[in-house]
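If you count by mature numbering (1 follows the signal peptide of the UniProt record, and there is no 0), then the sequence shown holds residues -18 to -1, 1 to 340, one letter each, in order.
It cannot be assumed that every hint is accurate.
Unchecked claim - Distance windows between CB atoms, simulated:
| no. | residue 1 | residue 2 | range |
| --- | --- | --- | --- |
| 1 | Glu45 | Asp266 | 50 to 58 Å |
| 2 | Gly117 | Thr279 | 32 to 40 Å |
| 3 | Ala267 | Val194 | 32 to 40 Å |
| 4 | Asn231 | Ile320 | 24 to 32 Å |
| 5 | Glu186 | Ala267 | 57 to 65 Å |
| 6 | Asp266 | Ser140 | 38 to 46 Å |
| 7 | Ser18 | Asp293 | 23 to 31 Å |
| 8 | Asn261 | Leu295 | 58 to 66 Å |
| 9 | Ala170 | Thr94 | 29 to 37 Å |
| 10 | Pro88 | Gly13 | 52 to 60 Å |
| 11 | Thr279 | Thr94 | 33 to 41 Å |
| 12 | Glu90 | Leu270 | 20 to 28 Å |
| 13 | Gly17 | Thr94 | 22 to 30 Å |
| 14 | Gly159 | Gly117 | 40 to 48 Å |
Rather than coming from a laboratory, the hints here were simulated on the basis of the structure.
Cβ atoms here follow ideal geometry from the backbone N, Cα and C, with glycine treated the same way.
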Amino acid sequence: MKKLVVLSFAFLTLTACSSEDNSHIDPIVTGPSSGSIFGTPEKPLDLGGATEGNQVYVDLSGETAAPAARDAWDLGFYSGDQFRVVINGSLMMATKQLATTDISLPQEIDATVAVGTFQVSNLAFIDNPTGALDGTAFGTIAASEAAAKVFLINLGKSVPTEAPALGSTNVAGEDRGWKKVKVWQDAAGYKMKYADLNSATATEVSIAKDAVYNHVFFSFAKGTTVKSEPVKAKWDMNFTTFTNEVFDNTGVSAGAYFFSDFVVINNKAGVTAFKVDGNKAAFDAFNLASVTSGNYTFSDDQRAIGPHWRDVLTRVVFDNVFFVLKDAEGNMYKVKFISMLSKEGERGFPIFQYELLK
């Protein structure tokens, strides 16, 4: 995640003519970014406006923001040392394990397998919102095809095409339909069979792990793997819609619910963060020594930033909090959100600033 400055051809030509042996010249390492502001015309965060059609992956040390259509993928196959499959929570997807291992059997839609039912039981149908791998809705992937159970998948909601009223969001469109699948381990990664609910014939695919990514993504619409998330070493934060747990006014869980204007951290690659209560003056004064003196604890919950930077009802960012993020290389940044609206008042245009702690 460090930036490299490449020496010019002219300079290399001149040095090659000197009496010294310059046959090997190392690139100059400039180190991680000292900070910047994202969400400006110079460094835009292309979420897609009030429908938030994109997920945007931000690399703080590299000063890059990479947008990707959030409906480009359905399932993510973990490339690490475990066999885990995640569903696309940015589309309100949900899944339920069935009793059968026979994917040729017809299946029925189950209306309880959905996000936003205000039933705590629907938490079993989504991935753990913390991002913990041991909390995926698919669970541990079976070691063989014979042992693999069939899963009923609610594909969630499409990205809307109609813009909402100014200041509002419209992030959940039409129903995307249903699939049935079964997944099992393979020597190089995974194998999967998938079909429409009434189909007796399933399509089988092989999906190899790729260690430079957290996940290899698969699209049912395209019938193949797709690129979406950047390589795991090249992003720290992701602006996205998100399936989270919601609570009622008494603090009792109301199950899985859909959030807009959400930020997750790349916890699977080792990124951690914590929240600091403090105004702009406190943000300006906060330095590397403050991390130790304040006795803060870094969290690997991917929601460490989450919804805690904004109020969706009043459409303002909280001016009394900021965050500290530590990337996979150990660089620590303080992060403060400035706005969640465009100059015209449209949602989906966040602005934030960050600085390397010294």
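Of all the hints given earlier, name the ones this structure violates by number, lowest first. Structure breaks hints 1, 2, 8, 12, 13 and 14.
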